[in-house]
Amino acid sequence: MISLGTDMTVEQTLPELMSPCARAREAAAILAAAIARLHATRPCDSEISLGFPAAERVHTTPSTEGVCQ
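When the letters of the sequence shown are read in order and numbered with the numbering used here, they come out as residues 1 to 69.
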């Protein structure tokens with residue numbers, strides 16, 4: 001059992017110990033969550049300024065050319 005905080009606990013079960021129906025149900029739940037994430041509202045532009053121009057990058061890879069100014 002893995003605890004993910006105060007109110008979330010994940011109980012891991014080996015697939016070999018699950019019935020075919022339980023495995024199918026778990027796979028369907030994972031796929032449904034993925035589809036729901038894909039169709040969730042996309043982030044949109046905000047009227048709140050972050051304090052730097054949009055073209056300026058905050059997180060970069062040092063090997064990326066032309067990003068750091």
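Read the hints as simulated data drawn from the structure, not as lab findings.
No residue lacks a Cβ here, since even glycine has one placed at the ideal position from N, Cα and C.
Errors might be hidden in some of the hints.
Computed Cβ-Cβ distance ranges for the label pairs, DEER-style [to be verified]:
hint: 1; residue 1: Ala40; residue 2: Pro15; range: 26 to 36 Å
hint: 2; residue 1: Leu14; residue 2: Ile35; range: 21 to 31 Å
hint: 3; residue 1: Ile35; residue 2: Glu11; range: 46 to 56 Å
hint: 4; residue 1: Ala24; residue 2: Ile48; range: 12 to 22 Å
hint: 5; residue 1: Val10; residue 2: Ala40; range: 38 to 48 Å
hint: 6; residue 1: Thr9; residue 2: Leu31; range: 14 to 24 Å
hint: 7; residue 1: Glu11; residue 2: Ile48; range: 33 to 43 Å
hint: 8; residue 1: Val10; residue 2: Thr41; range: 41 to 51 Å
Here's how the hints hold up against the structure:
1. One distance hint, 26 to 36 Å for the beta-carbon pair Ala40 and Pro15, holds here, with the actual separation near 28 Å.
2. As the Cβ distance of Leu14 to Ile35 is approximately 26 Å, the hint placing it in 21 to 31 Å holds.
3. Between Ile35 and Glu11 the beta carbon distance is about 24 Å. The supplied range of 46 to 56 Å is therefore violated.
4. Between Ala24 and Ile48 the CB atoms are about 44 Å apart, so this pair departs from the stated range of 12 to 22 Å.
5. Checked against the given bound of 38 to 48 Å, the beta carbons of Val10 and Ala40, roughly 22 Å apart, lie outside it.
6. Between Thr9 and Leu31 the Cβ separation comes to about 23 Å, which falls inside the hinted range of 14 to 24 Å.
7. The supplied range of 33 to 43 Å is met by Glu11 and Ile48, whose beta-carbon atoms lie about 40 Å from each other.
8. At about 27 Å, the CB distance of Val10 to Thr41 disagrees with the hint of 41 to 51 Å.
Figure legend: structure checked against the earlier numbered hints; hints not met, in rising order: 3, 4, 5 and 8.
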